[in-house]
Structures are given as structure tokens and as C-alpha cells.
Amino acid sequence: MNGTRLLRTLVLLTALTVMSRPASAQVELGGSYSVRMYEDYIERGPGSYLGDFTGMPMSDEGRAKALLYTSSLPSTIERQCLAQSPWVGQYRPLNLRIWSEVDNGRVIAWVLAGDYLRDTIRIWMDGRPHPSANAWHPPSGFTTGHWEGDTLMARTTHVKTAWIRRGVGIPGSDRSEFTVMITRHDNLLTITTVQEDPIYLTEPHVVSRVWEFDPNAAQDNNARSSCNTGNEIPPLEDTGKVPHYLPGQNPDEDYMVRAYNIPRDAALGSAYTLYPEYRKILKNLYTPPASCGRYCCGWIERQGLPGAAPGLTCKDNNQPVSNEERGGGRGR
Amino acid sequence: MQTDFYHGLLTWLWALVLPLVLPNDSGAQARAGAAAPPRSPRATAPIDLAGQWVAVISEDWRWRMITPPKGDIVSIPLNLQGQHVAEAWDPAKDEAAGEQCKAYGAPGLMRGPIRMRISWLDDNTLQVQTDYGVQTRVLRFERAAAPPGARSWQGATAAEWIVRGDGGRGMTTFGTLKTVTTNLRPGYLRKNGVPYSERAVFTEYWDVHVLPNGDRLLVDTNVVDDPVYLQSPFQTAIHYKLERDASRWDPTPCDARF
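Line by line, the protein sequences give chains A and B.
For the first sequence, the positions run 1 to 332 when this note's numbering is used.
For the second sequence, the positions run 1 to 258 when this note's numbering is used.
Treat the hints loosely; a few may be bogus.
Here's a subset of chain B near chain A, in silico, CB distances under 10 Å, partners left out [said to hold, decoys possible]:
hint	residue
1	Pro46
2	Glu95
3	Gly112
4	Pro113
5	Trp120
6	Leu121
7	Val134
8	Pro147
9	Gly175
10	Lys178
11	Asp215
12	Ile238
Hint data in this document are derived by calculation from the structure and do not stem from the laboratory.
All figures in this text were calculated on a predicted structure; none of them were measured in a lab.
By construction, the Cβ of each residue, glycine as well, lies at the ideal position given by its N, Cα and C atoms.
Chain B on its own, in the form it takes in the complex (with noise of 0.2 Å):
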């Protein structure tokens, strides 16, 4: 009997001082070197963002819900250029020019009245479809340098993952999507012609977060950096809702008037 718990006392102090000295996951992976293939971000994804997300307007309704009247740009730093350009804005001639999805390009569309899908494309790329001017952005994770193609209303985008707790021991993850999107062409942070060139860079911080009744928020914190149309970064943040109902998906194509 008294050996037993000796035994027994033996193995608990195993127990405490096992879990401090193990290696953990990614330290194992670091010394395993070139045998374990490093796991992808698909794998190591510390937040899930997959899913349906409906843009909740609790917030600057008058100018995302509809399209504002020429020449209010309020809200947004635009130097005189930038407003010089919106006060010229002619949804006519956009539509003319096979432009109409000017404002569908990522930065204007993230602050639309959106629902986005979110989906892995593969082990290295996120997708986000927007059924408000049917658009699809592609986040990719690989460092690899693409080369750089035709511009687009919605750019190329590098992303990676902010993580927080390493998943070892049993410990939880945390973290956060940090995207920047380059290579836009030139489109609208507002429906109503507020510009944005080509030289214009979207960072956002993805973030979600789960409340108290289950909910699940997306938070896009997002600075528009544009050394052309703006005297100073614009930065926001918008928040979405995940819906467990897809069905209220509804494509419809660009329009430059609503």
C-alpha cells in the first residue's frame, strides 16, 4: 500500500512538471526542420471566418444604405483635389464608360450594404463574395511574390494571421487576420464619387468575436491610406453579423445611381 502511493505520489509530480518541460507543437515542428512540412494557414487558422456575414447599418446609414447627393463628402479627410474629383462625379458617364462598379471595389464595398461569404479557396487563399455587385476578392497567405496584374476593383491582397498563444499544452489561440490590398483601380469610397486612386492601400484587421448569447461579430478595423484624394489615412471600423440562414443571399449586379 505504501508503495502505491509512493507510486502514485511519483507520478504526480510527473504530472506537474511533464507539461513545463515538453517542447510544444511548433517547437517540435522547429526542430523536426525540413521532415514536418510547415502546416498551413488554413490549418493554423487561429480565428474561423468562414461563413455568411451580413453588414448590420447601425452606423452612417444616410451615406451606405442609399447614395447621397453630390458633393457630401462628409466624414471622409479628402484633400481639395479628392473633392474637386467628387464634385465632378456623373453616374451617366460611368455607366458610359463600362465603369458602374466604381464603388464595388474593396475599400468602398467593405462599408456597402453587403452580405459577404467567406470561404477557403484552398490550404493558402480565403475568398470573400459579396452578393452586392456579385464581387470576389481572393486573401492570399503565400509569400511567394505574385506578379503583379491588370489592376481591379478588388486588388491583389496579402494576408497573414496575427496569432496570439501558440496551441501548445492545451493552451487556446487567439487572433486576428491582417489584410493589405494594393493594385485597386481607381473607384469610389462613397456611392456618390468620393475618390480613391490607384495608388490607395487597404489594410483591415479581421477580428471576431462571440457575445454572450452566441452571436458571432465580425469587426473589420481598415485605414484607407491614399497619398492622392486624402489629406490624412481614413480609418473606420464595420462590423457584420454571422448568419446561420443563407438564404437572404441576393446577387445583384453593380449600379453607379443606387
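Chain A with its partners taken away, still in its complex shape (with noise of 0.2 Å):
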């Protein structure tokens, strides 16, 4: 090639670089988030009910898995980490605080810290690849990401087994890979994650929540982002044994289908339940309990937050007796 062949090339090249910058419109992250558990309250605030798992895609190994649960598992001083996956905050009342890692002005790394998280996870920004399928598994994964206009799109792997939901033992495996987008409207802050899982899912498996910036949030102690393990039942301590369910012997495999008249195969996490042609199923099968049962009232009043309207009479099971309820006066 001559000099000037080599020139022209040099001259298309540079054009076409610095004419198709891509756009960069990053987003200030970092600060404080209060969530918001107006989706989902029941498994992110006093827990789910087992043999629950309407809204999963879950694969028949998956489903067989969470069978085997019992709500002492997680006791098992190996397993008490296990619900403190990386995006386990979208299933957690998991208040969050951002901040940025920067080296020479550059953001090279978000970190997200919050309570519920074993570890912070930090979402690199800087161009490194991912490393071999066969590297370690830490407990935050290993999270990359870069800017789609306002959404921070960010890739997890190498997670460790997990439950997805937390206390009714719906697992996530290692193989499990994350997609998830991160955007900021005004002071709503919306994260989405996408799970694949090619052992315990059928399909990618969505959830999108909503924090509000709040610089009263996720400070000190709410954001501690570690798992402590301790002996919860002394019976359990150096026995060895797992505490579990054998096939076909949960006892609260049918929970749903009895509490709430909810067909087997949505209440055990089929996908094609996820999707409203799904039902032209139900509209044959489905009838309402006589009353809503447990956890009924809304979300505020179940907090006991400061504003809560006072005088709430929602009747909830799961709410202390009042005395005026007992019958009688102090003392009964």
C-alpha cells in the first residue's frame, strides 16, 4: 500500500470513529434508596407460604427441589447464606445505597451495598471480560456493565446456589446468569433482572421493583451487606442432618390449591401460567376464597410507620388480637 492509498484509509477511518461516537448519557447513581414493596409485599415482607410458587417458570427439577424444603433448612448453619444471592434485594425489603469507583475521573465501578446482601456487588465498568466458566464463584458473582442511554445494563455470572424467593426454597443455580437494567426517572429508581437458569427455569425469569431516592435510607446498619452464621437449632448442631421433605411428602405441596382455590399447576410455577391466555383456564376453575385469610391489609398500616392512617379495621389474621376483640378489658 502507498503513502497516500494509506492515507485515504486512515482518513475514512478516522471519520467514520469520530462520526459514530456512541452516546454516552451517564447517570449520576450514588446515594440512598428506600424501597418501595408495592409488588410482591407478602414474600418481601413476612414471607411467602410454602408450596407457594405462582409466577415462576420453574422446570420440573426446580419444582422437585423446592418440594424437599422445610422452613429448617436454611438453619443449617451451611445454608444460612444461601438466600443472599446477588439480586436476591429484588425478593427482600432491602433498602440500597449506590456509589461510583473512580480512577483518573473515571467511573471504573457502581457498587450497590445494602441489608440482605452478602456482599456488595460491584458492577464493572471498565471494559474487563469476564473470567473462565471454571473460575471461583464469589458470593457477589462477578457483574460487568456499561450505559444504554439512561439504563446502566449490567451481566452476572458466577453466582453462587441460591434460593430465588426466599423462604419457600425455589432454587437458583449456579449456572444462573443475570440481566439486569438499572434506570433512574427523577427520583425513582427502577431495577430490572432478567435470570436465566438452564437447570431450575424454563424461561428467563423477570422482575422489575422500584426504590425512591431517600438520603435517610440504607445507612449505617442497613447497610452492612454480610451474612453471620449461628447455631439456630442446638438439635441440628454436628449431626449432620438436612433437614427435608421426601418426594411426594410436603405437606404444604397443595397449600395454595387449598388456601385460595388456585390450580396446582400455577400455585407449583409453570410457565405458560404467566400469560394471560392462561386464563381462559382458570376462568373454569377458579373461585374465590369466602375471605382473604392472611396478611389482607395494606402495606402502611402492616409497616407501623410513622403517618400510618390511624383506626385501620382491616381484618388480618396474622395481626395481634385486640383486647377489645378478646372480650374483655387489660389483664385478659
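Fit chain to chain and form the complex, with the hints in mind.
Here it is as C-alpha cells:
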């Protein structure tokens, strides 16, 4: 190639490079955020019912493993931190604190911290590759990100085996990978996670949640991002016993069928039950229960937060019974 | 040969400098003044919302896919008055009053088990049609104040693009659709009579994300403000998946019970 042709090539390449710069509309995400639990409140607050896998696209393997679960299982030392996987915040009452790590004025990582996270989530923004598939899986997984407009797109790999939803045993394997979208609109922060798990899910599992910017949230103990283990059930200590139900013997397998008249295939989490056409089947099978049962009341009352409306009369079997309802005065 | 070399070098330097000194499209338009009419919202759309989207009910399944029992108001920050209204829910009464679509107003509809078709009605107007309840909402970008019509289930929606990246010099544009819906007829946030009032304001941010496998996800981050029945704003995010196959579109009329 002679000099002129080389220069022409340079001209072309340079012009293309300069004129096709990608947008880099980075947003300041730093700050503290209060969780807004107006979705899946029971799951994220008091905890869901055993046998409630509604809304989950579970594989047969996932369902079988979930039905072995007993509520004593997470009390074993080896499993106490299993519930605290990187994006477990989607299913927890989790306030968030976010900050950036800067090198030479350039953000090289965004870091998310909060209670119920076993470790901070560090989203690398410096273009580093994901490690080998055989590399160690740390508690936080490994996450990289880039901006697409105002959305921070992240990818998490190398996670540990975990429970997708706390307290009911829905499993997530260590082959799970997450695509995560973090978007801020004014004071609202939306985190959408798409979990792919070739072992326990039949299709990507999507969850979208909202937080609100709040300088008082996620400070001190609320952002500790750690998991401490302890002996929770002394009779189990050093016995090697793993609490579980044998296949077909879980007494809660049909709880949602009995309590809420929900068809078994929906209660036990099948992908086709997540789409509107499933209502054609439901219409002939479902009759609403006579009453709400437990956890019926509005969110604010349940939290007992300042500003809660006084005098709410909602009947909630999980609420302490008032003296009046006990039929007498003090001391009864 | 040497002349060619310097000529080439000069051209190369121009290529470096030119994109930096050239005005971008929006700047050029501004200078052109009235000669160049502003481009329409349709022409300047930073994201493509058109198509058929299906709600993926992976959250709140028991409250969205089926009608929960009366009094099940968990998750929603109702005040006392709102709770009393919810506890008085009577679908037979709604049917008798011809109000079986109360759960199909915009703030309730978007959380429903819906398929929606989004399309451009004209250069300034998007429309959102749903098969669930056979509803149509119109999203207007026009700034001129429209005379307030009668209140309706879908209300009046003002739309604006929030654009990042100006599209000049080959830059990609990204953005969000922000909509604010008012003039609503009182309706239900949940099928079992959890109310919102005619003073409710429904604000939404519509984002489209492309997943690594090429799937498109629409996330609607939204806030219902209602000074009558809510203690605090009701903030959620709802997600939908783009469907390439439109065959599952299934118009069904409003139903006050199921």
C-alpha cells in the first residue's frame, strides 16, 4: 500500500470513528434509596407460604427440589447465607446504597450495598472481561456493565447456588446468569432483573422493582452487606442432618390449592401460567375464597410507619388480636 | 508523490476537525428557524414502542391474574377511606350501574393480564389498545391544551420524549417516554374494588430494553398519586415482552368478577 492509499484509509477510518461515537448519557446513581414494597409484599415482608411458587417459570427439577424444602433447612450452618445471592434484593425489604469507584476521573465501577446482601455488588465499567467459566464463584458473583442511554445494563455471572425466593425454597443454580437494567427517573430507581437458569427455570425469570431516592435510607446497619452464621437449631448441631421432605411427602405441596383455590400447575410455578391466555383455563377452575385469610391489610399499616392511618379496621389474622376483640379489658 | 502525501495528510486533519466544528442536526434546525418545521414526535422517537406486548405476570400473580377476595388490599397504601371503599366492593352493583369496566381504567389496566398493541395514530399521537377489556388509550404529544372532555376509564394522557444523545454526528439516541394521565373516571387499582378517585394522576416512564438474546422488554415504571384514597404514592414497575407472533391477541369484554 503506498502512502496516499494509506492516508485515504486513515481518513476514512478516522472520520467513521469520530462521527459514530456512541451516546454515553451516564447518570449519577449515587445515593441512598428506600425500597418500595408495593409488589409481592407478602413475599418480601412476612414471607410467602410454603408451596407458593406462583409467577415462577420452574422446571421439573426446580419444582422437585423446591418441594424438598422445609423451613428448618436455611437454619443449617451451611445454608444460612444461601438466600443472600447478588440480586436477592428483588425479593427482600432491601434499602440500597449506591456509589461509584473512580480512577483518574473515570467511573470504573458502580457498587450496590444493602442489608440482606451477602456482599456488595460491584458492577465493573472498565471493560474487563468475565472470568473463565471455571473460575471461583464469589458470594457477589461477577458483574460488568455499560450504559445504554440512561440505563445501566449489567451482566452477572459466577453466582453461587441460591434460593430465588426466600423462605419457600425455589432454587437457583450456580449456572444462573442475570441481565440487569438499572434506570433512574427523577427520584425513582427501577431495577429489572432477567435470570436465566438452565437447570431450574424453563424461561428467563423477569422481576422489576422500584426504589425511591432517600438520603436517610440504607445508612449504618441497613447497608452492612454481610451474612453471619450461627447455631439456630441446637439439636441439629454437628449431627449432619439435613432437614427435608421426601418426594411426595411435603404437606404444603397443595397449600395454595386448599387455601386460595389456585390450580396446582399455577401454584407450583409453570411458565405457561404467567401469560394472559392461561386465564381461559382459570376461568373454569377458579372461585375466589370466601375471605382473604392472612396478610390482607394495606402496606403502611403492616409496617407501622409514622403517618399510617389510625383506626384501620382491616381483619388480618396475622395481626395481634385487640383487647376489645378478646372480649374484655386489660389483663385478659 | 510527496504532494499527494501532504494532500492526504491535510484531508486527514480535516476529517478529524470537521465533525467537531460542524453543527449537529438540532443546531442546524434551530438556525434555520421557521424555514424548517420542527420534526414530529413520531420522527424524533428515540425508542420504538410499536408492536404487540404481553404482560409477564411473574409478580403479584395472585392479585393480577385472578380476582382476589374482597378485603385483600395488601401491598397498596390505601388510607382509611380507601379501605372502607374496598371493603364495600360489590361487583353486582357495578354491573347494574354499567360500570363493569372499573378495573380497566389506565392505572388498573396496566397491571392486568393484558396484551397491548402500541401504534402511531398520526405523527403526534400514539395509541395503546388492549385485548383485555377492549380498551384504547391515546397518548398525545401535542403541547396545545385540549379542552377537557368527559372523564373516562383511560383519561387524557399527555406524552413527551425524554431524549438522551442528540442524534447528531452519528450519535445514537436513547430515551424514555414519559406520560401523565389525568381526567380519569374513578376506578379500581385491583379487580376486587381497591379504589382510585377521579383526582388520581397516573405518571409513567416507558423504557424499552433489548436483551442479549434479542428479546425486547418494555418496563413501565409508574406512580399513582391519589389524594383521596392513598396515603402515599403507589409506585411500581410493570414489565411486558414484545411478541413477534400476534396470533394470541384475544379481545375480551370487561368483566366485573373475573
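Evaluation of the provided hints:
1. Because the smallest distance between the Cβ of proline 46 of chain B and any Cβ of chain A comes to about 8 Å, under 10 Å, the interface hint for this residue holds.
2. The restraint placing glutamate 95 of chain B at the interface with chain A is violated, with a minimum CB-CB distance near 16 Å, outside the 10 Å limit.
3. The interface hint given for glycine 112 of chain B holds, since its Cβ lies 8 Å from the closest Cβ of chain A, which is under the 10 Å cut-off.
4. Hint status for proline 113 of chain B: holds, given a least beta-carbon distance of 4 Å to chain A, under 10 Å.
5. At its closest, the beta carbon of tryptophan 120 of chain B sits 21 Å from a beta carbon of chain A; the interface hint therefore is violated under the 10 Å criterion.
6. Taking 10 Å as the C-beta contact cut-off toward chain A, the hint placing leucine 121 of chain B at the interface is violated, the least distance being around 24 Å.
7. Because the beta carbon of valine 134 of chain B sits about 13 Å from the nearest beta carbon in chain A, more than 10 Å, this interface hint is broken.
8. Contact between proline 147 of chain B and chain A, as hinted, is not supported at the beta carbon level, the nearest pair being about 29 Å apart and thus beyond 10 Å.
9. Given the 10 Å rule on beta carbons, the hint for glycine 175 of chain B holds: about 6 Å separates it from the nearest Cβ of chain A.
10. Restraint check, lysine 178 of chain B versus chain A: the minimum CB separation of about 8 Å is within 10 Å; hint holds.
11. Interface hint status for aspartate 215 of chain B: upheld, as the beta-carbon distance to the closest one in chain A is roughly 8 Å, under 10 Å.
12. Of the supplied interface hints, the one on isoleucine 238 of chain B holds, with its beta-carbon coming within about 7 Å of a beta-carbon of chain A, less than 10 Å.
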